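Chemist: Sequence:
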Amino acid sequence: MRYDLSILIVEDESLIAEMIRVMIMDMNYPRPKVALTKEAAIGFLESGKVDFAILDLNLREGMEGIVLAEIANQKGIPFMFLTSYSDQKTLQQAKETKPGAYVIKPFSEEELMAGIEMSIMHSKDNKDEVVSIKDGHRSILIKMDDIQLIKAENIYIEIFTVNKKYLTRMSLTSFLEQLPSKYFIRVHRSFAVNRKHIESITKSSIIVSGQRIPVSRSYRDEVHLRLNT
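If you want the working numbering, it's the position in the sequence shown, counting the first as 1, plus 179.
Since the hints were made in silico from the structure, they are not lab data. All of these numbers come straight from a predicted model, not from anything done at the bench. Take these hints with a grain of salt, some might be off.
With a Cα cut of at most 35 Å, we get these calculated DSBU-like pairs of lysine-lysine [claimed, not checked]:
#, residue 1, residue 2
1, Lys344, Lys277
2, Lys254, Lys268
3, Lys268, Lys330
4, Lys322, Lys217
5, Lys217, Lys274
6, Lys254, Lys322
7, Lys284, Lys217
8, Lys313, Lys344
9, Lys322, Lys274
10, Lys268, Lys361
11, Lys254, Lys313
12, Lys344, Lys212
13, Lys284, Lys343
14, Lys343, Lys375
15, Lys228, Lys284
16, Lys284, Lys330
17, Lys382, Lys254
18, Lys274, Lys330
19, Lys212, Lys375
20, Lys254, Lys217
21, Lys254, Lys228
22, Lys343, Lys322
23, Lys313, Lys375
24, Lys212, Lys277
25, Lys313, Lys228
26, Lys284, Lys382
27, Lys212, Lys382
28, Lys361, Lys228
29, Lys228, Lys212
30, Lys268, Lys217
31, Lys274, Lys382
32, Lys313, Lys284
33, Lys254, Lys343
34, Lys284, Lys268
35, Lys330, Lys313
36, Lys254, Lys284
37, Lys277, Lys330
38, Lys344, Lys228
Make the full structure from the sequences, and use the hints.
Modeler: In structure tokens form, the structure reads like this:
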């Protein structure tokens with residue numbers, strides 16, 4: 180699975196950290212951040228620019244991964260653990276921090292992917308903040324806040340986000356059923372917009388992130404009512 184999210188790798192062995200980074204890039208994830216020390220990891224976690232963390236449970240200083248997990252929890256960042264240990268005592272200590280998954284070293288790319296997928300899909304803090312779409316044989320998670328507008332194109336929809344555009348085979352109606360109606364508004368047979376990205380509105384159009392989107396007659400009254408204009 181691929182995620183349009185910012186990932187942090189915390190691993191004190193530079194060779195292993197690089198291996199994980201390459202694996203993540205091979206999965207077509209955005210370029211991940213890497214921290215080799217607890218201090219560097221804390222800096223990233225507190226920066227507000229991390230959406231998901233892969234934490235080495237056993238840093239050189241000891242079980243410092245648990246300390247980082249507690250910080251991640253405070254910041255609402257979902258995470259998973261990497262560990263060389265599989266004994267029950269170690270796992271029980273880690274379990275109390277509520278990680279999304281454990282991956283035991285050594286691991287394959289498939290095992291790492293499964294751990295990330297499991298962690299994000301079951302994250303209490305993120306389950307209502309991302310939406311899943313199909314991209315060929317892959318599934319992608321997109322942050323709802325990043326979605327600017329959606330455009331219907333025959334049997335496909337184009338999803339415009341802050342960073343890029345996605346094309347997936349789905350009806351606009353079906354996709355909107357997955358999104359919170361208080362933020363996403365259908366303005367035309369072929370368009371829906373995220374009200375958080377609306378810059379201006381007239382009787383017949385809306386400007387979203389610099390793009391002029393038509394507001395059709397059949398949706399005009401509802402659009403203006405919902406936007407209180």
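Chemist: A separate judgement is required for each hint: does it hold in the structure or not?
Modeler: Evaluation of the provided hints:
1. This hinted pair checks out: lysine 344 and lysine 277 have alpha carbons roughly 34 Å apart, not beyond 35 Å.
2. A distance of roughly 26 Å separates the Cα atoms of lysine 254 and lysine 268; the hinted pair therefore holds under the 35 Å criterion.
3. Of the pairs offered as hints, the one joining lysine 268 and lysine 330 is violated, with about 52 Å between alpha carbons and a cut-off of 35 Å exceeded.
4. Under the criterion of a C-alpha separation no larger than 35 Å, the hint pairing lysine 322 with lysine 217 is consistent with the structure, at around 27 Å.
5. Using a Cα cut-off of 35 Å, the hinted pair lysine 217 and lysine 274 holds, with the two alpha carbons roughly 20 Å apart.
6. Among the hinted pairs, lysine 254 with lysine 322 is consistent with the structure: their alpha-carbon atoms are about 17 Å apart, no more than 35 Å.
7. Simply put, lysine 284 and lysine 217 have alpha-carbon atoms about 19 Å apart, close enough for the 35 Å limit, and the pair holds.
8. Proximity of lysine 313 to lysine 344 is assessed by CA-CA distance (about 13 Å); at most 35 Å being required, the pair is judged to hold.
9. With a CA separation close to 27 Å, the supplied pair lysine 322 and lysine 274 stays within the 35 Å bound.
10. With a C-alpha separation of about 45 Å, the suggested pairing of lysine 268 with lysine 361 is violated against the 35 Å cut-off.
11. Our distance criterion of 35 Å between C-alpha atoms is met by lysine 254 and lysine 313, whose separation comes to about 29 Å.
12. With a CA separation close to 23 Å, the supplied pair lysine 344 and lysine 212 stays within the 35 Å bound.
13. Of the pairs offered as hints, the one joining lysine 284 and lysine 343 holds, with about 34 Å between alpha carbons and a cut-off of 35 Å not exceeded.
14. Between the alpha carbons of lysine 343 and lysine 375 the distance comes to roughly 17 Å, so the proposed pair stays at or under 35 Å and holds.
15. As the CA atoms of lysine 228 and lysine 284 are separated by approximately 27 Å, the hinted pair is consistent with the 35 Å bound.
16. For the proposed pair lysine 284 and lysine 330, the alpha carbon gap of about 43 Å is over 35 Å, so the pair is violated.
17. Taken as a hint, the lysine 382 and lysine 254 pair is broken in the structure, with Cα atoms around 41 Å apart against an allowance of 35 Å.
18. Note on lysine 274 and lysine 330: the hinted pairing is violated, with a Cα-Cα distance of about 43 Å set against a maximum of 35 Å.
19. Using a Cα cut-off of 35 Å, the hinted pair lysine 212 and lysine 375 holds, with the two alpha carbons roughly 28 Å apart.
20. Of the pairs offered as hints, the one joining lysine 254 and lysine 217 holds, with about 16 Å between alpha carbons and a cut-off of 35 Å not exceeded.
21. For the proposed pair lysine 254 and lysine 228, the alpha carbon gap of about 11 Å is at most 35 Å, so the pair holds.
22. Our distance criterion of 35 Å between C-alpha atoms is met by lysine 343 and lysine 322, whose separation comes to about 12 Å.
23. Of the pairs offered as hints, the one joining lysine 313 and lysine 375 holds, with about 24 Å between alpha carbons and a cut-off of 35 Å not exceeded.
24. With a C-alpha separation of about 22 Å, the suggested pair lysine 212 and lysine 277 falls inside the 35 Å cut-off, and the hint holds.
25. Between the alpha carbons of lysine 313 and lysine 228 the distance comes to roughly 26 Å, so the proposed pair stays at or under 35 Å and holds.
26. Using a Cα cut-off of 35 Å, the hinted pair lysine 284 and lysine 382 is violated, with the two alpha carbons roughly 59 Å apart.
27. For the hint linking lysine 212 to lysine 382, the alpha-carbon distance of about 45 Å lies beyond 35 Å, and the restraint is violated.
28. Only pairs whose Cα atoms come within 35 Å are accepted, and lysine 361 paired with lysine 228 is accepted, the gap being roughly 25 Å.
29. Between lysine 228 and lysine 212 the CA atoms are separated by roughly 10 Å; this keeps the pair inside 35 Å, and the hint holds.
30. Straight-line distance between C-alpha atoms of lysine 268 and lysine 217 comes to about 22 Å, which keeps the hinted pair within the 35 Å bound.
31. Proximity of lysine 274 to lysine 382 is assessed by CA-CA distance (about 55 Å); at most 35 Å being required, the pair is judged violated.
32. A distance of roughly 30 Å separates the Cα atoms of lysine 313 and lysine 284; the hinted pair therefore holds under the 35 Å criterion.
33. With a CA separation close to 26 Å, the supplied pair lysine 254 and lysine 343 stays within the 35 Å bound.
34. For the suggested pair lysine 284 and lysine 268, the alpha carbons sit about 17 Å apart, so the restraint of at most 35 Å is met.
35. Among the hinted pairs, lysine 330 with lysine 313 is consistent with the structure: their alpha-carbon atoms are about 16 Å apart, no more than 35 Å.
36. Among the hinted pairs, lysine 254 with lysine 284 is consistent with the structure: their alpha-carbon atoms are about 27 Å apart, no more than 35 Å.
37. A hinted pair counts as satisfied when its Cα atoms are at most 35 Å apart, and lysine 277 with lysine 330 does not qualify at roughly 38 Å.
38. A distance of roughly 21 Å separates the Cα atoms of lysine 344 and lysine 228; the hinted pair therefore holds under the 35 Å criterion.
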